[in-house]
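Residue numbers (the UniProt record's numbering): 1 to 247.
No lab work stands behind these hints, which were simulated from the structure alone.
Since we're looking at a predicted model, the values are computed, not measured.
It is possible that part of the hints are untrue.
Across the chosen pairs, the derived CB separations fall in these ranges [said to hold, decoys possible]:
| no. | residue 1 | residue 2 | range |
| --- | --- | --- | --- |
| 1 | 172 | 49 | 29 to 39 angstroms |
| 2 | 2 | 44 | 45 to 55 angstroms |
| 3 | 2 | 200 | 35 to 45 angstroms |
| 4 | 38 | 226 | 31 to 41 angstroms |
| 5 | 49 | 88 | 48 to 58 angstroms |
| 6 | 134 | 162 | 42 to 52 angstroms |
| 7 | 221 | 88 | 42 to 52 angstroms |
| 8 | 44 | 162 | 47 to 57 angstroms |
| 9 | 19 | 246 | 36 to 46 angstroms |
| 10 | 185 | 221 | 38 to 48 angstroms |
| 11 | 175 | 35 | 14 to 24 angstroms |
Virtual Cβ for every residue (Gly too), placed ideally from N, Cα, C.
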Amino acid sequence: MRSLVRLTLTEFLLELREPFSAFFSLVFPPLLVVIFGSIYGNTPRPGSGGFGVIDLAVPGYVTMVIATVAIFNLPIALATYRERGVLRQLALAPVSPIALFASQLAARAILSALGISFLLLTAELGYGLRFAGSLPSALAAGILGFLAMMAFGFALAALVPSARTALVVAFVVFYPMLFFSGMALPPEILPARVRELAEFLPATPIVTLLRAAWVAEPWSDHWRALLLLAAWTTGSLAIATRRFRWQ
């Protein structure tokens, strides 16, 4: 247990010292709230169920924090460790592989929670964030989304041969989700055909479930999102366990 805590703390501090990681996990989503809040405000609009632009955008921004941590931070860190022989040394050390992966998961959970806290605090203090759902439902959606996206990140880490490749793959994977999954843009403004295709991106079901929890919609109305989330999680874990290399 002590080694797990030590590994988690070390990994978390390393992430905070990485400028790219810290900016896009902790600063960029709250910055988007300020930018779009300054442009559109957060006054409830007709046909929006009493919600403003920021209210409906926050679930996507929460997903953005999780996706940034899982798609950029995790694969690049593990690929770097593999290149430098750190993973091989850890495999020979008296630390179980479970503790290593658990520390990676825990460090990213702390980083995600910190980024989401900054985001929600900015939206609440700056624009009077409205939340009509239940907190347990929102937490469940966030935790399921985090675990699914982390599984996807571990799968990417298992497939990429180097840290440089991991960065390129992260950009290629992340940006379609950023614009088409509802993380940065409301899915309602996209053409119907694009929305149908975007439904199968890894981040889309997370945004869907978080928005449902946010506006108090039952999850039974979004069973396709639950199935897609389960499929992405299962498939990613299968790839990660079969293809992960220590060196």
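Going through the hints against the structure:
no. : hint                          : verdict
1   : 172 / 49: 29 to 39 angstroms  : 35 angstroms, holds
2   : 2 / 44: 45 to 55 angstroms    : 51 angstroms, holds
3   : 2 / 200: 35 to 45 angstroms   : 42 angstroms, holds
4   : 38 / 226: 31 to 41 angstroms  : 36 angstroms, holds
5   : 49 / 88: 48 to 58 angstroms   : 54 angstroms, holds
6   : 134 / 162: 42 to 52 angstroms : 44 angstroms, holds
7   : 221 / 88: 42 to 52 angstroms  : 48 angstroms, holds
8   : 44 / 162: 47 to 57 angstroms  : 49 angstroms, holds
9   : 19 / 246: 36 to 46 angstroms  : 28 angstroms, violated
10  : 185 / 221: 38 to 48 angstroms : 22 angstroms, violated
11  : 175 / 35: 14 to 24 angstroms  : 18 angstroms, holds
The structure shown violates the earlier hints numbered 9, 10.
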